[in-house]
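Residue numbers (numbering that gives the first Met the number 0), protein chains in the order written: chain A, 0 to 218; chain B, 0 to 321.
Simulated from the structure, these hints should not be mistaken for laboratory data. Incorrect hints may appear among the rest.
[To be verified] Ranges of calculated distance between the beta carbons of each label pair, as one might list FRET restraints:
{"#": "1", "chain 1": "B", "residue 1": "Ala270", "chain 2": "A", "residue 2": "Ser69", "range": "57 to 67 Å"}
{"#": "2", "chain 1": "A", "residue 1": "Arg154", "chain 2": "B", "residue 2": "Ala307", "range": "50 to 60 Å"}
{"#": "3", "chain 1": "A", "residue 1": "Arg177", "chain 2": "B", "residue 2": "Ala206", "range": "29 to 39 Å"}
{"#": "4", "chain 1": "B", "residue 1": "Leu209", "chain 2": "A", "residue 2": "Val118", "range": "28 to 38 Å"}
{"#": "5", "chain 1": "B", "residue 1": "Leu272", "chain 2": "A", "residue 2": "Val118", "range": "28 to 38 Å"}
[Claimed, not checked] Listing some non-contacts, in silico: residues in chain A with all C-beta distances to chain B over 10 Å:
{"#": "6", "residue": "Lys18"}
{"#": "7", "residue": "Arg63"}
{"#": "8", "residue": "His92"}
{"#": "9", "residue": "Glu97"}
{"#": "10", "residue": "Val105"}
{"#": "11", "residue": "Ala115"}
{"#": "12", "residue": "Gly125"}
The beta-carbon is built from N, C-alpha and C at its ideal position, and this holds for glycine as well.
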Amino acid sequence: MVRFENVGLRYGIGPEVLKDLSFRIEPNSFQFLTGPSGAGKTSLLRMLHLALRPTRGLISLFGRDTAHVSRRELPGIRRRIGIVFQDFRLLDHLTTFENVALPLRVQGKSERSYRAEVVELLSWVGLGDRIDAHPRVLSGGEKQRAAIARALIGRPEMLLADEPTGNVDPHLARRLLRLFVELHKSGTAVLIATHDIALMDLYDARRLVLSDGRLHVYD
Amino acid sequence: MTETPALAAAAVRSPRRLLARVLRWRRVGADGRGAPAPIVPGGSLAGTALIVVIAIMAFLAAMTVGGLDLVRQATSDWNARVAREVTIQILPVAGRDTDAAVAAATAIAKATPGIGEVHPFSLDETRQLLAPWLGNAALTDLPVPRLISAAIASGAKPDLAALSSKLTSEVAGASLDDHRAWIDRLRAVGDTLVGIGAAVLALVVTATALSVLFATRGAMAGNRDIIEVLHLVGARDGFVARSFARRFFSFGLKGGLVGGGIAIVLFVLAAWLGGGADDQLLGPIRVGVFGYLGTLAVVALIAFLAAATSRMAVMSHLKRLD
Numbered sequence: 000m001v002r003f004e005n006v007g008l009r010y011g012i013g014p015e016v017l018k019d020l021s022f023r024i025e026p027n028s029f030q031f032l033t034g035p036s037g038a039g040k041t042s043l044l045r046m047l048h049l050a051l052r053p054t055r056g057l058i059s060l061f062g063r064d065t066a067h068v069s070r071r072e073l074p075g076i077r078r079r080i081g082i083v084f085q086d087f088r089l090l091d092h093l094t095t096f097e098n099v100a101l102p103l104r105v106q107g108k109s110e111r112s113y114r115a116e117v118v119e120l121l122s123w124v125g126l127g128d129r130i131d132a133h134p135r136v137l138s139g140g141e142k143q144r145a146a147i148a149r150a151l152i153g154r155p156e157m158l159l160a161d162e163p164t165g166n167v168d169p170h171l172a173r174r175l176l177r178l179f180v181e182l183h184k185s186g187t188a189v190l191i192a193t194h195d196i197a198l199m200d201l202y203d204a205r206r207l208v209l210s211d212g213r214l215h216v217y218d
Numbered sequence: 000m001t002e003t004p005a006l007a008a009a010a011v012r013s014p015r016r017l018l019a020r021v022l023r024w025r026r027v028g029a030d031g032r033g034a035p036a037p038i039v040p041g042g043s044l045a046g047t048a049l050i051v052v053i054a055i056m057a058f059l060a061a062m063t064v065g066g067l068d069l070v071r072q073a074t075s076d077w078n079a080r081v082a083r084e085v086t087i088q089i090l091p092v093a094g095r096d097t098d099a100a101v102a103a104a105t106a107i108a109k110a111t112p113g114i115g116e117v118h119p120f121s122l123d124e125t126r127q128l129l130a131p132w133l134g135n136a137a138l139t140d141l142p143v144p145r146l147i148s149a150a151i152a153s154g155a156k157p158d159l160a161a162l163s164s165k166l167t168s169e170v171a172g173a174s175l176d177d178h179r180a181w182i183d184r185l186r187a188v189g190d191t192l193v194g195i196g197a198a199v200l201a202l203v204v205t206a207t208a209l210s211v212l213f214a215t216r217g218a219m220a221g222n223r224d225i226i227e228v229l230h231l232v233g234a235r236d237g238f239v240a241r242s243f244a245r246r247f248f249s250f251g252l253k254g255g256l257v258g259g260g261i262a263i264v265l266f267v268l269a270a271w272l273g274g275g276a277d278d279q280l281l282g283p284i285r286v287g288v289f290g291y292l293g294t295l296a297v298v299a300l301i302a303f304l305a306a307a308t309s310r311m312a313v314m315s316h317l318k319r320l321d
């Protein structure tokens, strides 16, 4: 599903922040991506989501060499990937429902066709009573769940989550982890970037550890 | 089911509320729930400023269209009035009987098919016409040319060339003035005014497009986060551009309706204050159907122009991002 070969990344003329990354993400797999703050977890996720191009090396996504993916093809690939941002990236002028439905709306689907599905997903993540609320009035945990619901609504083949439990209490963090595990069991590949060791200890999964710009894989 | 009575109630309470309801109409779903909010948020200070600028542009464009309609009406009225008549001039020739020449020319004119009423001006009438310029005293001693006014029958097209040639060959000192020089000059004046109006319209349209272009760039800079999120959830450039175009269409329509509406109110007021009194020279000073329809067309044009310009600006900006 995902293949990195000798991928390097530098910003401008600075030093390489990521060096010789080589790893694979298989379909229906579950892994944590961890490392100290500033290790490059977010940069790696951005490359996985085609929001950032590597300076060198090969990235293959769904069998396509991303170096040869045109701008027109990007949306089609991104729709196969769900992403949860560390800072949620919810649009403040849209309601929770509208934020979660955004990936379907951009595909040109009518609200009638997805309303029931979005409401059901919101109930599943515990936001059934916050459908019409705007992000400004949601708590950190609620925003996190709304962001997760938005990443899931398009039934992605791979879910990327950047510190999804960074803003929630341990109880909610466990609930969110269970949600990701459920998703994994339903056939989605999941990659969770976190530096929460306690969270990783709750579920036995592959660990990708970034340190000094290099990646160490612990199966 | 509740939408129509609600609109009627809004109209009774306040026309402004009615306009707001109509502009939001598409956003109310069949189940009564609000349809999704626009992707690009509105209501910003920059949006209001753009609406004001567009309203001013629409007002100027509508006034230009109204002015063009007045010119069109006036020139067609002048043309019709001038072209309905020809004038025969008899120059006094020494040793010839001018009255006999007038009578002969009058007879020739009356015998010409398509010529209606023929009125030879008597010597006294001719002197009265010239008196304001030459004075009565001078006219008693001067030989004055004589004029015969000949009306062209309604719908007729007399052979004026044949009439002219017959007059010059059979009546000494006679010549025919078919007012062609006047008509050509009026047409030239009318064409010039229409050209100036078209140039003003082009300038207004260009200024509107540039205003929208800069406003779109500002809106894109202000909504960079939204554009990024849209791309990350799989939006195509066309979707992003449409979202902006929809917002700017709304700005264009609001501004256009305000500017065009004020212009229409002024047209109506001008016609009402004019009281329908026709000016002898200019004809009726009131904007006709063409002016009103033209104003509505200007409103629609500006709304679509705003949408198209913002769409092009967004697409070009997004292409540069790659």
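Against the structure, the hints come out as follows:
no.	hint	in the structure
1	B/Ala270 <-> A/Ser69: 57 to 67 Å	59 Å, holds
2	A/Arg154 <-> B/Ala307: 50 to 60 Å	36 Å, violated
3	A/Arg177 <-> B/Ala206: 29 to 39 Å	60 Å, violated
4	B/Leu209 <-> A/Val118: 28 to 38 Å	45 Å, violated
5	B/Leu272 <-> A/Val118: 28 to 38 Å	60 Å, violated
6	Lys18	26 Å, holds
7	Arg63	15 Å, holds
8	His92	4 Å, violated
9	Glu97	5 Å, violated
10	Val105	4 Å, violated
11	Ala115	12 Å, holds
12	Gly125	22 Å, holds
Of the hints listed earlier, those the structure fails to meet are numbers 2, 3, 4, 5, 8, 9, 10, in rising order.
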